[in-house]
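K.L.:
Using the sequences and the hints, build the whole thing.
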Amino acid sequence: MRKSHPVRRVVLATAATVSGVVLLLSLKPASDPAAASTAGAAPQQTAGAQDSPQGGAQAPAGSGTVTGDAAQTQYGAVQVRLTVSGGKITKAEAVQAPKGGVSDQKTQLAVPKLNQEAVTAQNADIDTVSGATYTSEGYKKSLQSALDKVKPASSGSSSGAAQARTVTGKATQTQYGPVQVRITVSGGKITKAEAVQAPKGGVSDQKTQLAVPKLNQEAVTAQNADIDTVSGATYTSEGYKKSLQSALDQAGG
Amino acid sequence: MTTTLAGGRAARRQTMRRIRPRRSPAVPLLLAVWAGAAAVLWLWWHNTPSIADDTSRILNAGRITGLLAGYLMALVVLQMARVPALERRVGSDRVARWHAMSGRYTLCLIVAHVFLTMWGYARQAGKSLGDIVQQTLDSVDQLPDMGKAAIGTGLFVLIGLTSIGGIRRLLPYDTWYHVHLLTYAAVFLTFWHQITTGNDFAVEPAAKTFWYALYGAVTALVLWYRILTPVRLNLRHRMRVEAVIEETPGIVSVLIGGRRLHRMGAEAGQFFRWRFLAPGMRFSSHPYSLSAAPRPDMLRITVKAIGDHSARLRELTPGTKVWAEGPYGALTAQRRSKGKVLLVAGGVGITPMRALFETLPGAAGDITLLYRANTTNDLALWDELAAIAKERGARLMYAVNSPEGERPDISAENLQRKIPDIETHDVFMCGPPGFAQSVFEALRGAGVPARRIHHESFEM
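In order, the protein sequence lines correspond to chains S and Z. If you're matching positions, the first sequence starts at 1 in the UniProt record's numbering and goes up one per residue. If you're matching positions, the second sequence starts at 1 in the UniProt record's numbering and goes up one per residue.
None of these hints come from the bench; they were simulated from the model. Heads up, some of the hints might be wrong.
[Claimed, not checked] With a Cα cut of at most 35 Å, we get these calculated DSBU-like pairs of lysine-lysine:
hint, chain 1, residue 1, chain 2, residue 2
1, Z, LYS127, S, LYS113
2, Z, LYS148, S, LYS99
3, S, LYS91, Z, LYS390
4, S, LYS91, S, LYS192
5, Z, LYS208, S, LYS28
[To be verified] Some but not every residue of chain S turned toward chain Z, in silico, with C-beta under 8 Å:
hint, residue
6, ALA13
7, ALA15
8, ALA16
9, SER19
10, ASP104
11, GLN105
12, GLY131
[Stated by the list, open to error] Beta-carbon label-pair distances, calculated as ranges:
hint, chain 1, residue 1, chain 2, residue 2, range
13, Z, ASP53, S, ASP127, 39 to 47 Å
14, S, THR120, Z, ALA35, 24 to 32 Å
15, Z, LEU223, S, ALA121, 34 to 42 Å
16, Z, GLY280, S, LEU12, 38 to 46 Å
17, Z, PRO172, S, ASP127, 16 to 24 Å
18, S, LYS189, Z, GLY216, 21 to 29 Å
19, S, ALA13, Z, ALA26, 12 to 20 Å
20, S, ALA13, Z, PRO25, 19 to 27 Å
21, Z, PRO25, S, GLY64, 38 to 46 Å
22, Z, SER50, S, ALA121, 17 to 25 Å
23, Z, LYS208, S, GLY232, 48 to 56 Å
Only a predicted model underlies this, so the values are computations on that prediction, with no experimental measurement involved. In this text, a Cβ means the ideal position worked out from N, Cα and C, and glycines have one as well.
P.N.:
Next up, the structure:
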């Protein structure tokens, strides 16, 4: 039963809380230091690529900041700027967002969450913030365009991008079965393309054997999804191009 | 007229069997609380990559205070969930003090959280500190679950105001208590905005799961120990008032009968919260200590008429139904560590001491009771105490004011003179706060280590 000192206790608790919060705030850097620490982690992501149809390695290669196109929403424009380092999005921010009246609230609510989600997801496939649907949709569009702009070639000198990575595109359904493409990206270039899924059975086996090697070759040559359809295997070719495009989108190219 | 509830020897045997000297779990519990707070801060740290300017500093301070308030709020409710580990091992009085302390602190965090967050939003919108009221109204209007949160915060402020010392003394106990029950509504109302607008919960599913688990566990404990356990206890034991007896002027004993009362697990030194289902009394429950070891068919409480409720006890008629919750309290034989025991009672604080005097195991000469009262007429239960002292060879002393009204001098020297080996005793103490404080200091002066002075005090 020590003597209680209510005033002393109040002063101590207040001082401890205030100085604790100030200390925590001051220990946080003004800009994100994650860049240096995450650069080395990027290559590990290839391990998961095969397991998921979405592809585990969605990170765009390269370094620097990229600003996406402004996406118009009914409340105003949304424009996203990404800071990319060692192939990872280390920071996302909105340089434009709806303003004025209700929009201010929604922007304040939604943008920090969307920024966080973008960094977490490393792609534009992020959740819409409820109550701020238009802003979220605009954000996602601008984010996608920013991701598209992170051309591996533009930052080929970056050490992080020199690592070979594999990216698996989305499986595309064709009338004979799904097609799914995996590309290997190294130094910002597609060095290999392959089909991890392609139509099978009967006539389809023939067509797959005929078309896929050609398509693989074309993809490496063209460095984009604008490749020729293999005649006699139109459906497989179209599916291949779609899956290739999604792989390129994920790879940022 | 006085009552005598005999059965001392049987009760001592029972107590002996139940004594397992155990450490209070207070230290590990407090460590767990701090670890939880550290985890909450880590969550913020983990989700905040950088802070660019003063606006985000303000907003982040708002987030930190909000997260801590949300965490502590759950603990403040938990402290009042009547969990046996807290009530019987840490001690109801200590837990109630924790509750009051953390409640005040949490309320301060809530106010800081609201202010900082709204200020930060106002700055973000390019407005000044003066627009904070408009900003708050806008946010309440437009952000999800903020209407509920605003009502809940209002309730918290109301609860805080009614608990300020001066205001609380002006209010009837029942009013204060029922306002305090609004805490449950306030916690429920403010919970949802934490999940829907809280940055850390939006981006971190694991954090959201943890938050639901924390609040879910507290809710389950409250339902179990505040509702189910008392219902079961009262259905099983069906207690009624048997008799009301005036012990001394202003002090009454209430005898309570019921079924298999020894199965309630009550020990000497503990108390129940009693609700007498009589007109004007059924809406409030009050803690009163057992003034005798529980018997299979009978419990006894002894109460001094100091408030409305206790004054009305003497008008209770036999047969009145009784709703009890308990047993609570940690001032039991489990606390003792050595052979000899000194019991110190101040005024009506004699009630738990009387029960312990009878039931604490010990040889002749091991147990001493020091009873402080204003006059010899105020020594309630004296005849019983004398009989117990004679039966077990225990020492019984009293200290009353001199005829001129001078207070007796309970000093370290006097205590040492009366009880030469006082420093080897365990001391159990119950009395008004001022008395307990001065005796505590005298005991420390006489060489009794603080860890062997066991007391219960409901002063906040």
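K.L.:
Evaluate each hint against the coordinates.
P.N.:
Status of the hints after comparison with the structure:
no.: 1; hint: Z/LYS127 x S/LYS113; verdict: holds (22 Å)
no.: 2; hint: Z/LYS148 x S/LYS99; verdict: holds (26 Å)
no.: 3; hint: S/LYS91 x Z/LYS390; verdict: violated (82 Å)
no.: 4; hint: S/LYS91 x S/LYS192; verdict: holds (30 Å)
no.: 5; hint: Z/LYS208 x S/LYS28; verdict: holds (24 Å)
no.: 6; hint: ALA13; verdict: holds (6 Å)
no.: 7; hint: ALA15; verdict: violated (13 Å)
no.: 8; hint: ALA16; verdict: violated (11 Å)
no.: 9; hint: SER19; verdict: violated (12 Å)
no.: 10; hint: ASP104; verdict: holds (5 Å)
no.: 11; hint: GLN105; verdict: holds (4 Å)
no.: 12; hint: GLY131; verdict: holds (5 Å)
no.: 13; hint: Z/ASP53 x S/ASP127: 39 to 47 Å; verdict: violated (27 Å)
no.: 14; hint: S/THR120 x Z/ALA35: 24 to 32 Å; verdict: holds (26 Å)
no.: 15; hint: Z/LEU223 x S/ALA121: 34 to 42 Å; verdict: holds (39 Å)
no.: 16; hint: Z/GLY280 x S/LEU12: 38 to 46 Å; verdict: holds (44 Å)
no.: 17; hint: Z/PRO172 x S/ASP127: 16 to 24 Å; verdict: violated (51 Å)
no.: 18; hint: S/LYS189 x Z/GLY216: 21 to 29 Å; verdict: violated (52 Å)
no.: 19; hint: S/ALA13 x Z/ALA26: 12 to 20 Å; verdict: holds (19 Å)
no.: 20; hint: S/ALA13 x Z/PRO25: 19 to 27 Å; verdict: holds (24 Å)
no.: 21; hint: Z/PRO25 x S/GLY64: 38 to 46 Å; verdict: violated (56 Å)
no.: 22; hint: Z/SER50 x S/ALA121: 17 to 25 Å; verdict: holds (19 Å)
no.: 23; hint: Z/LYS208 x S/GLY232: 48 to 56 Å; verdict: holds (53 Å)
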